[in-house]
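Listed below, chain by chain, are the residues.
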Amino acid sequence: MITVKELNELRIKALPKIAVRKKVFEGRIPELAGRAAPEISPGDEKTYRVHVLCCAGTGCKSSGSDVLREEFERIIAKYGLQDDVQIVKTGCFGLCAEGPIVVIYPEDAMYCRVEASDIEEIVTEHIMNGRIVRRLLENPEAREGEGDVTDEDLEAGVFFRKQMRIALHNCGRINPEDIEEYVAAGGYQALAKALTEMTPDDVIKVMTDSGLRGRGGAGFPTGRKWLFAKNSVSDVKYVCCNADEGDPGAFMDRSVLEGDPHEVLEAMAIAGYAIGAGQGYIYVRAEYPTAIERLDIAIRQAEEYGILGDGIFGTDFSFRIELRLGAGAFVCGEETALMTSVEGHRGEPRPRPPFPAVKGLFAEPTILNNVETYANVPQIILKGADWFKSIGTEKSPGAKVFAVGGKIKNTGLVEVPMGTTLREIVYDIGGGIPNGKQFKAAQTGGPSGGCIPASLIDTPIDYDSLTQIGSMMGSGGLIVMDEDTCMVDIAKFFLEFTVEESCGKCPPCRIGTKRMYDILDKITRGEGELSDIDDLYELADAIKSSALCGLGQTAPNPVLSTLRYFKDEYVAHVVDKRCPAGVCKSLLQYNIDKEKCIGCGKCARNCPVDAISKTDYVAPGHKLPSLVIDSKKCVKCGVCMSGCKFGAVSKN
Amino acid sequence: MSGFSENDEKYQKLLEIIETNKNVRGSLIRVLHDSQEVYGYLPIEVQKVIAEGLGVPLAEVYGVVTFYAQFSVKPKGDYRVSVCLGTACYVKGSDKLLERLEEELGVSVGDCTADGRFSIEACRCIGACGLAPVFTINKDVYGKKEPDDIPGILAKYRD
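So the protein sequences, as listed, match chains Z and P.
Under the working numbering, the residues of the first sequence are numbered 1 to 652, in order.
Under the working numbering, the residues of the second sequence are numbered 1 to 159, in order.
No lab work stands behind these hints, which were simulated from the structure alone.
Being a predicted model, the structure only gives us computed values, none of them experimental.
The beta-carbon is built from N, C-alpha and C at its ideal position, and this holds for glycine as well.
Wrong hints could be hidden among the right ones.
Think about it this way: if two alpha-carbon atoms lie no more than 27 angstroms apart in a straight line, the pair counts; the simulated DSSO-like pairs of lysine-lysine are [unchecked claim]:
{"id": "1", "chain 1": "P", "residue 1": "Lys74", "chain 2": "P", "residue 2": "Lys139"}
{"id": "2", "chain 1": "Z", "residue 1": "Lys636", "chain 2": "P", "residue 2": "Lys96"}
{"id": "3", "chain 1": "P", "residue 1": "Lys139", "chain 2": "Z", "residue 2": "Lys514"}
{"id": "4", "chain 1": "Z", "residue 1": "Lys89", "chain 2": "P", "residue 2": "Lys22"}
Simulated restraints on C-beta separations [stated by the list, open to error]:
{"id": "5", "chain 1": "P", "residue 1": "Ala114", "chain 2": "Z", "residue 2": "Gly643", "range": "45 to 53 angstroms"}
{"id": "6", "chain 1": "Z", "residue 1": "Gly582", "chain 2": "P", "residue 2": "Tyr41", "range": "48 to 56 angstroms"}
{"id": "7", "chain 1": "P", "residue 1": "Asn7", "chain 2": "Z", "residue 2": "Ser586", "range": "51 to 59 angstroms"}
{"id": "8", "chain 1": "Z", "residue 1": "Arg515", "chain 2": "P", "residue 2": "Tyr62", "range": "26 to 34 angstroms"}
{"id": "9", "chain 1": "Z", "residue 1": "Pro620", "chain 2": "P", "residue 2": "Tyr157", "range": "46 to 54 angstroms"}
{"id": "10", "chain 1": "Z", "residue 1": "Gln589", "chain 2": "P", "residue 2": "Ala155", "range": "54 to 62 angstroms"}
{"id": "11", "chain 1": "Z", "residue 1": "Thr196", "chain 2": "P", "residue 2": "Glu45", "range": "51 to 59 angstroms"}
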């Protein structure tokens, strides 16, 4: 095992690896502040003149970043620049909608939507001649500008400006597959400090004082959780990490694991020291192959470098971490179900108490925290509780990562101080709603959460205010909906999810959510009655009060919150047999405007069920009779409407 | 019809997987993942070998296999088409992509075409929400697509 002294030597030795990126690191690495970019010295792999950081997160990978990297390598070789330019594979930058993303240092120039055909220009103009390629820059204002690119043009666009990166501080800045870069950026210093300068009680006190609350959803104070586990007497204890990010539309944890896996390992070791555990398990979704691969590499490197194992930093503290894969069961995000799954069984929840801090994994005292929670820990240990408390709100300190998606311009990952309003996230950072549509609601907390309507868009986002308005923080998925989204359909979507994912152990969830789903289905088919709405309330109440686990108890939330803010939509479906958003097929009606229809017959030819026929009416100025849709035959496929060049077909 | 045999390479691999994980506490799920990688799915014969090898009742192995969505007791197609029905994709119309895929391939979710080429499944969020709506064919990811793009995409895999 290495000593703290050796860790520091490694840090200094590895500094040149990130020195070219000093623009982002000089704030926290004093050695880089005064240092000029290193000289070129061909052959020495650590002193490249230029770093090309290519996002290799899932979003950009899906947009083709692997191909880009190969193309960069090819073009760089073509111009003989192998000794000048290093290509670094990083984790997510956050702006997934504009991917694939490439950042070039020392300038810290961020290029968006880069295509293979752009690379020659980037290499010859930017890397060889210092002329930054304006048309690809991230900052939208800079893209519009003219002439040479100035420092101002390189400043981050509005997407990044309001963010504050704590959990994501290394994401997109270091190579997640190289432990030396992590160490150079100050990694494992917090573990060293905890082990050599602090007692386990000190660590727990800092965590408690910092006010950090669980980022997985419920917001339980992390310090208190650790204290409970520390106070449980047992020779064997466990530290678990919940990386089973099952909430659809959420990918915060994935990005942390893909972009900065060592941060999580370091935090787990600190937690192990605090509660007296020697073994950690990371339970990660099998749907995240990239995250799994990088965690595997990180664990192996941490062991090889003598950071994880027996007698860490010369103390008598030993800690090891193992990966466990999920297999596609949402319920395994619930803490007791997760532990049952780590043990290799069907992931069914267990009743609490006993709480995991007393009797958890393999019936031993266990703590379970989520990935993002852990990602905050090392910095809290290094910078102290007061620093953390100075960010965010009084009862929800720190920052929170959100995966912003749905009907919004800048989909991606954002980290903002707690207390930021939804308006700032949607309009300032997110760039608003595309296609000139109206913001209708945002959904947070996934299948356990609820909707925030437009009228509450100025609500500050923190644990307590979200609970107050009937939603919840959840793990950080934030889905934006516009006027074309039907809220009854969305409630049905979440219930369908819950029905499918219910583990089946307790009847309130297994049967109750199915009944709720059936009612919602009936309403969206236009067969609802007003008494159905009362039944929904009654079922929701019963499930909330009697389901076994947290997921069951919160399953009715999407229905309750849409009923709370969009009851008129439910009533429109039930009473007027109408879907105001035009989503629920059974309630739709397609019509042809007889004045606009020129009688070309294209729709009639395309109609799969022959529901369109000629009328006797010829509109003034037209030669052929207009057409009409037989609503009894119509299957509402919409082919007529999408094919009509004259805008004569409408739906309502 | 499962093509299971005790005389092929796959069987040898299966035995190796069991051997490496035999003494690891709670390793059943990992063994199932690795075995599915080898066989493409988990026919009952394979489950029997695993149950015996790990000393776990077959009922428990079967219970775990059927509990988790990622394990399949049915064979999959050569091309596994997987449509994301996560929230971000859903609000952007991934249900319409799925409908069209079912129509084009003539099978419904969870099934495989008669020639064994294509199977369709609905999956939970794959985390590429920035590209919603998303579907994947084996390891290829298709983002920001419309139902009308589907015939063209499928054609690439058809020859």
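Right, here's what the structure says about each hint:
no.	hint	result
1	P/Lys74 with P/Lys139	20 angstroms, holds
2	Z/Lys636 with P/Lys96	13 angstroms, holds
3	P/Lys139 with Z/Lys514	34 angstroms, violated
4	Z/Lys89 with P/Lys22	36 angstroms, violated
5	P/Ala114 with Z/Gly643: 45 to 53 angstroms	32 angstroms, violated
6	Z/Gly582 with P/Tyr41: 48 to 56 angstroms	41 angstroms, violated
7	P/Asn7 with Z/Ser586: 51 to 59 angstroms	55 angstroms, holds
8	Z/Arg515 with P/Tyr62: 26 to 34 angstroms	29 angstroms, holds
9	Z/Pro620 with P/Tyr157: 46 to 54 angstroms	51 angstroms, holds
10	Z/Gln589 with P/Ala155: 54 to 62 angstroms	35 angstroms, violated
11	Z/Thr196 with P/Glu45: 51 to 59 angstroms	55 angstroms, holds
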